Amino acid sequence: MKLLPTKPLRLPRFRTYVPAPTDPKIFWFNSERDGIVSDVVRRILERYQGDEDIELCLNDAAYNEIRRHEARTDEGASNRLEYWRGIVRRLSRMSSEGKQETLRECATKMAYDVAGNFDPRVYKFAAKAVPGLLTAVMNPASMIRSLLDSGARLDELVSAQGPIDKLRALQRKGTVVLAPTHCSNLDSIAIAWVLLRENLSPVVYGAGKNLFSNPIISFFMHNLGAYRVDRRIKATLYKEVLKSYSSVMIERGYHSLFFPGGTRSRSGAIEKRLKLGLAGSGVEAFSRNHARGVRRPVYFVPATINYALVLEAETLVDDYLKEQGRHRYIIEDDEFSRVERWISFFSRFRALESACVIRFGEPMDPFGNQVDEDGRSLAPGGRTVDPMTYVTRRGQAVVDSARDAAYTRELGDAIAHSYGVETVAMPTQLLAHVIFRRMVRATPGLDLFARLRHRGDIAIPVDELTTDLGNTRDALLGLEQRGRIHVDALLRRESPQRILERCLATWDGYHLRPVAKIVSGSVLAEDPNLLLYYSNRLRGFAAELAIGNEADRAAAHDIEVMELRS
Amino acid sequence: MSRVAVLGGGGFGRALAAQVARTAGVVTLWSRQPRESGDDKIRATTRFADVAEAELVFLAVPSIHVAALAREVGNHLDGTHLLVHVSRGLLGNDLTTISQLLRATTPCRRVGVLAGPLVARALAEGEPGGGVVGSLFPEVSDAVREAIGGPTMRIYGTTDVVGVEIASAMVGLFALGIGYAQGRGFGPATTAMLATRGMAEATRVGLACGATERTFSGLAGFGDLMAAVAGDGRPESMFGRALAEGLPLAEAAARAGAFVEGAGIAGQVAAFAERHAMEAPISAGMAALLSGKASGAAVLAQLMSRPVRGE
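If you read the protein sequences in the order shown, they are chains A and B.
Numbering-wise (this note's numbering), the first sequence opens with residue -4 and increments by one.
Numbering-wise (this note's numbering), the second sequence opens with residue 827 and increments by one.
These are computed hints drawn from the structure, not numbers from a lab.
These figures come from a predicted structure and were not determined experimentally.
Heads up, a few of these hints could be off.
Partial list, derived from the structure: chain B residues whose beta carbon lies under 8 Å from chain A [claimed, not checked]:
(1) Pro964
(2) His1102
(3) Ala1103
Per label pair, the in silico range of CB-to-CB distance [as the list claims (entries may be wrong)]:
(4) A:His552 with B:Arg897: 32 to 40 Å
(5) A:Glu27 with B:Glu1100: 54 to 62 Å
(6) A:Arg404 with B:Asn919: 20 to 28 Å
(7) A:Asp367 with B:Val1134: 56 to 64 Å
(8) B:Met1019 with A:Glu545: 32 to 40 Å
(9) B:Met1019 with A:Ala549: 31 to 39 Å
(10) A:Lys267 with B:Gly1011: 45 to 53 Å
(11) A:Thr462 with B:Ser1121: 43 to 51 Å
(12) B:Asn919 with A:Arg62: 50 to 58 Å
(13) B:Arg897 with A:Glu92: 55 to 63 Å
(14) A:Thr103 with B:Ala893: 48 to 56 Å
(15) B:Met1104 with A:Asp503: 37 to 45 Å
All C-beta atoms, glycine included, are put in the ideal place defined by N, C-alpha and C.
Whenever a hint applies, use it, and build me the whole structure from the sequences.
Here you go:
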């Protein structure tokens, strides 16, 4: 694998593709790339103006880059190492112009490294290939059939809900920034497919460089407009370049996507604390455009990605528990768990039934106001409000980074709130919630880690569990009626008995260890970690879902406290 | 056109308007009933449209009236307005803050809260003092400083909005409790104990709401409580003293002469603490006392018999 190139490949070009007027904005990307990079560099030069500022910035970049390259052994690394050491040697003797020129050079290199490519040929190929590939990952047993009949099969596996017509209209009126929840590496592929299928414009997004290390994925990512985010580069300058790049893209009208949770949710819960770097660039893009008289709206669209099964559930929850418990969490069966990971990896290729629901929330302006079909911002009473007023002070539209940082925090709260109400409860999450609540009930006074050690020794009679499941489902439907959450169709439709059977069958084919199984008329909670992971999605609703007896309510209170303290 | 407006013609609203008039010049003072201001620089009005002409708008009405007033005035405001409230109230058992309510019911985003040892009398008389503005937006703190800061008024700023609001609300509650204890004849040691343990409780509640610890030792927390203990004549203290004399709630409230936010806070904080599985014994005791479920002696006995742990 190491022999394969990691530098993104591009296809040779024999003639220039001229975008049609109906093509999405991204089709213009290649012709605008140099302009985008020079905008980014200009912004960096504006940001670092004084001699001292520039010196500090270059020193920080050199220090971090030298440390990073020192740990590498390849030839490219020694060249880069020499380059940065040279800068350090010369920096103290440089004139002001010299420093500026060096900053320009570094920022330009970084910006080109970040910038992607867009190849319409790859896009058109991917449009045909993605359904098959995605179906293959989600339901590999039917790979051959799905390759023949991919569209129809994938439609069943991945569904999209929410104001999709409105999104289509808004994409024509302004720049749309999608902000979904994040729990699996499949998220970006699933979103890309749904955009394609629903005739929504493709989006640009910052993909971690680890995704680029696989040459095939790298090829697709790079040629479909994704920009590279190398988390190993710690230099502040690089972070500024990334932020400016994303801001410039939004300013220029490229629909974008970012995951405000930062990384995949480890706990399985809906993200509450959002990393807002890129949302900030959306707010900044709006301010900058308006300050120079360009009235192009920016719309943020929260979305939830809801899986009945999460590909990386075991690894994620393991990570979560390590972080939560630190030294208290003892990893059992360490060597086995490594083998388990391998088997779990290959178990993806076994027969299973899977489902993913992507639910788009109501679009909002950068200030958290809802917008109507025509893209106008609405005040809480329904009156239209001019978004420009938010960047205006004493009659002037101005760029103010402190103000925009505050707007960004508030926007984060609005997005997090939307995640709550746009969550689609999946059958596996509800079943896990009911079993986990029973586990909590059976282990009063214990802390989470003590509870999780009860592997396979908590049994719930099937008829009791199905009654619980039915009652909790009813409570969930009540919450749905009050607009607090959404419920998956299967969960709404099937009998509790059937839900139990289908969930157990689904888990059974997917995870290495059974999550729960039926033995002598009782359901055994086999893998408390995974039960915790799947149940966490609903833990914020624990108190309202416990409408049974006092013991259930007490258990729900314990679960709710976990949520409140998270 | 004045750049500053004050909504609310009560004692505090009028005092705030007087301070703006002294510092920044002309101010619009809105109240529901028409009234004369008696000062050229204070332009009294009953029209929201006049309020909308200002850039900085103070909301100086009790928390129970804020929601309705915010909805009404919200129809006249937009993103340019800086909206700052001075309420000591919290809403519901999940302790929704007034600034959260303002964001949900008006188009204004640049909102803030003004708190600290500010009472109507001292403001009106221009006594040297200070306050703190909690806002995520530095321009809101700057605007308040421009409007009311000056030789007799120092205005600090913090981005810990929720901390300022929780601290301010709970100080109201403890002012009431201390007033009650003093009315019962307890001395400085009891006052100090209530104040110190009360602020520890407020800090716990604040942290659970995402506040920063140091806010509670600042002007909105201890600073404000010291003013109450020193006897700045605030309604909460008077209300507590009246209760200690054995007056029923309605009569005690009448003697306080203003809406006492602290009376409602106790139950809300106690319910919040129970849900979050945290200890808030003073709030719970005050809630029991104010709802008539326990006598003062019983609450005191209960508080003093709790197991003692590290401070």
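Here's how the hints hold up against the structure:
no. : hint                                : result
1   : Pro964                              : 5 Å, holds
2   : His1102                             : 5 Å, holds
3   : Ala1103                             : 5 Å, holds
4   : A:His552 with B:Arg897: 32 to 40 Å  : 34 Å, holds
5   : A:Glu27 with B:Glu1100: 54 to 62 Å  : 58 Å, holds
6   : A:Arg404 with B:Asn919: 20 to 28 Å  : 25 Å, holds
7   : A:Asp367 with B:Val1134: 56 to 64 Å : 59 Å, holds
8   : B:Met1019 with A:Glu545: 32 to 40 Å : 37 Å, holds
9   : B:Met1019 with A:Ala549: 31 to 39 Å : 34 Å, holds
10  : A:Lys267 with B:Gly1011: 45 to 53 Å : 48 Å, holds
11  : A:Thr462 with B:Ser1121: 43 to 51 Å : 46 Å, holds
12  : B:Asn919 with A:Arg62: 50 to 58 Å   : 51 Å, holds
13  : B:Arg897 with A:Glu92: 55 to 63 Å   : 58 Å, holds
14  : A:Thr103 with B:Ala893: 48 to 56 Å  : 53 Å, holds
15  : B:Met1104 with A:Asp503: 37 to 45 Å : 41 Å, holds
The structure agrees with every numbered hint stated previously.
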